[in-house]
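Residue numbers (the numbering used here), protein chains in the order written: chain E, 37 to 357; chain U, 37 to 357.
No wet-lab data here; the hints were simulated from the structure.
The C-beta atom is built at its ideal place from N, Cα and C for all residues, glycine as well.
Just so you know, not all the hints are guaranteed correct.
Unchecked claim - Label pairs and their computed distance ranges (CB to CB): (1) E:Leu354 x U:Glu144: 44 to 50 Å; (2) U:Arg208 x E:Asp100: 31 to 37 Å; (3) U:Ser265 x E:Asp63: 31 to 37 Å; (4) U:Ile205 x E:Ser260: 42 to 48 Å; (5) E:Ser260 x U:Leu155: 54 to 60 Å; (6) E:Thr39 x U:Glu237: 48 to 54 Å; (7) U:His235 x E:Leu354: 46 to 52 Å; (8) U:Asp99 x E:Leu354: 52 to 58 Å; (9) E:Leu349 x U:Arg262: 31 to 37 Å; (10) U:Thr174 x E:Ser68: 27 to 33 Å; (11) E:His235 x U:Asp100: 53 to 59 Å.
To be verified - Quick partial rundown of chain U residues pointing at chain E, CB under 10 Å, derived from the structure: (12) Asp63; (13) Arg64; (14) Glu316.
As the list claims (entries may be wrong) - From chain U, some residues computed to sit far from chain E (all C-beta separations above 12 Å): (15) Met37; (16) Glu41; (17) Gly52; (18) Asp67; (19) Ser85; (20) Pro129; (21) Leu202; (22) Leu232; (23) Gln233; (24) Arg262; (25) Leu342.
Number of protein chains: 2
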Amino acid sequence: MITIEEISRARTRLHGKHVVTPMLEYDRINDSLGGRVLFKPENLQRTGSFKFRGAFNKIASLDDGQRKKGVVTFSSGNHAQGVAAAAKTFGIPATVVMPEDAPILKRENTRRLGADVVLYDRHVGDRKAIAEEIAARTGAILVPPYDDEMVIAGQGTIGLEVVDQLDAINARADVLLCPVGGGGLIAGVSTALKALQPHIEIYCVEPEGFDDTRISLERGERTSNRAGSRSICDAIVTEIPGEITFPINRRNLAGGFAVSDADVVEAVRQLFQIAKLVVEPGGAVGFAALLAGRIDLQGRTAVVVLSGGNVDLEFFKLEIA
Amino acid sequence: MITIEEISRARTRLHGKHVVTPMLEYDRINDSLGGRVLFKPENLQRTGSFKFRGAFNKIASLDDGQRKKGVVTFSSGNHAQGVAAAAKTFGIPATVVMPEDAPILKRENTRRLGADVVLYDRHVGDRKAIAEEIAARTGAILVPPYDDEMVIAGQGTIGLEVVDQLDAINARADVLLCPVGGGGLIAGVSTALKALQPHIEIYCVEPEGFDDTRISLERGERTSNRAGSRSICDAIVTEIPGEITFPINRRNLAGGFAVSDADVVEAVRQLFQIAKLVVEPGGAVGFAALLAGRIDLQGRTAVVVLSGGNVDLEFFKLEIA
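Start from the sequences and build out the full structure, keeping to the hints where you can.
Structure representation (structure tokens):
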């Protein structure tokens, strides 16, 4: 059971090690939506996504004996970079199991951070099994992408910062929108907010066809995505909600929304042109939900977590006209 | 004579009206340059550039009788948007004289902010004369882009924030690099820093062929650019240093650097891919100077002002391979 106290400990561990990302607001976006949008841009975080927070907290919470054997993980990219950078901070080895078709930028960045990258074929291999085999063989500690209390607590530090930053500008938020893959980010953030600002309605946002958390919340049980879907949101195309994250999210969330690739492209475009931020498709789904009118913002205030910015430049040439 | 007290008054006027832009740092950039680079991203400022600060301070410093007749200015784009947004905040009319070939994004944004845009042909018209004629006819107050003490004081608030933010992370800066067009931004910033952190060496950075401030500093007198140059840095292609700004900059600056279009494209690319920031060419020249090796950063700390982000998406398709 993850608690606000565990998230506070994570904040203490992270102090001076991560970027306290700002809270950003844009007149033109507020004007066009008729309310107030406060962005939490985790694309500006170390390694370009929120993942550094959870990975660092997990590694920091190990004792020296555990830590020195190194860490291993599996990830399509953002968590890989977060783990690699956190391991580098501690001077310990990291091994990352990545799909062969992960974005080149994410693969290169992971290697550049000193991690040993093991590629596998997403359509036949089981990345978790490969990582667990490496852990068993080398003694390395597994740093799961979301189903881990220390990882969730690290991501939850975003919630503490949001509360402080709302307070600093004397604002009261009505809703928070957050991208969801396995659900670790929103599990941490929602735990912090439900403890400190329980009136804020928290919604998960997922790509159409990968809205397993939305559907699972409606059904009250963990449900897999239907097979064969495609999405440009490579960072959050997980198959089923996490075993640890789902019970937390079921307790804390008001519901969920699904957005189309076209919604996401428009969100990425506006974030580029108006907000001057490079946000990856999976990182922009929360804003996409607002642009697509999933919530009426008239006279209300939304916090929108932008979870990452690790997108190849090529994307802007291909996707955005 | 602009003073640190006048800049402090500007900060009081701006309080709650502008974005206190964060100070951002990236491991990968530090690693590749062998030192520490602290970015001050004014692309995240209201209207996408630092210009809002000076325009707001100028308008706020007028008395009600002066202010109600509105304001007029001339600008290729960023100052136009800054003045339009500041005037809108006060509910007064704004007229902006812009070149016909200003980037479409800047022209559209200025109109969207409620300003009356008057276009002129840059190769034959005199924008300052057109603006002065409008001021004389309507009673509107001219808000000059740089040669004005209240405008300079507003831009100088960036210097105060830099000092606070260095203090917050317990960092000591050795140098500051800042884009220069007419010299208002660096005149304000350098006045603040020379009062509070006089050991910091301050350098102006300009595009090759438009390095009039660098040359003027060397010669000790205001010198125009040679005719016929071209640059992708539309925001800072001014012809000659300002009458008010140059004496300030001559007193405060350690020198200047010129960078090529190729240097700037590489800076914009790295800011996109690593920093996750959309920075316009003219806003990225300070970082371009570092990448081009104009200063050896080994073991040192540089503050780099990123002055704006108002670049058409099209630029990324055309310029960056």
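Task: Cβ distance range 31 to 37 Å for U:Ser265 and E:Asp63, holds or violated - done: holds, 35 Å
- [ ] Using Cβ atoms only, decide whether U:Arg64 comes closer than 10 Å to chain E, and label the hint accordingly.
- [x] holds, 7 Å
Task: Range hint compliance [Cβ, U:Arg208 to E:Asp100, 31 to 37 Å] - done: Given about 32 Å between the Cβ atoms, the range holds.
Open item on the list: Beyond 12 Å on every Cβ pair: is that true for U:Met37 relative to chain E?
Closed with: holds, 34 Å
Task: E:Ser260 paired with U:Leu155, Cβ distance criterion 54 to 60 Å - done: holds, 58 Å
TODO: Using the beta carbons of U:Ile205 and E:Ser260, state whether their distance is inside 42 to 48 Å or not.
DONE: Holds - the Cβ-Cβ distance for U:Ile205 and E:Ser260, about 45 Å, lies within 42 to 48 Å.
Open item on the list: Given a hint of 48 to 54 Å, does the C-beta separation of E:Thr39 and U:Glu237 actually sit inside it?
Closed with: With a Cβ separation near 49 Å, E:Thr39 and U:Glu237 satisfy 48 to 54 Å, so the hint holds.
Open item on the list: Beyond 12 Å on every Cβ pair: is that true for U:Leu202 relative to chain E?
Closed with: With a cut-off of 12 Å, U:Leu202 remains clear of chain E, as the shortest Cβ separation is near 15 Å.
TODO: Compute the least Cβ-Cβ separation between U:Ser85 and chain E, then decide whether it is above 12 Å.
DONE: violated, 9 Å
- [ ] Return holds or violated for the Cβ distance of U:Thr174 and E:Ser68 against the range 27 to 33 Å.
- [x] Roughly 31 Å apart at Cβ, these two residues keep to the hinted range, so it holds.
Open item on the list: Hint validation: U:Asp63 versus chain E, beta carbon distance must be below 10 Å. Holds or violated?
Closed with: This hint holds: U:Asp63 lies near chain E, its Cβ roughly 6 Å from the closest one there, short of 10 Å.
Open item on the list: Looking only at beta-carbon atoms, does the pair U:Asp99, E:Leu354 fall within the given range of 52 to 58 Å?
Closed with: holds, 54 Å
Figure legend: structure checked against the earlier numbered hints; hints not met, in rising order: 1, 11, 17, 18, 19, 25.
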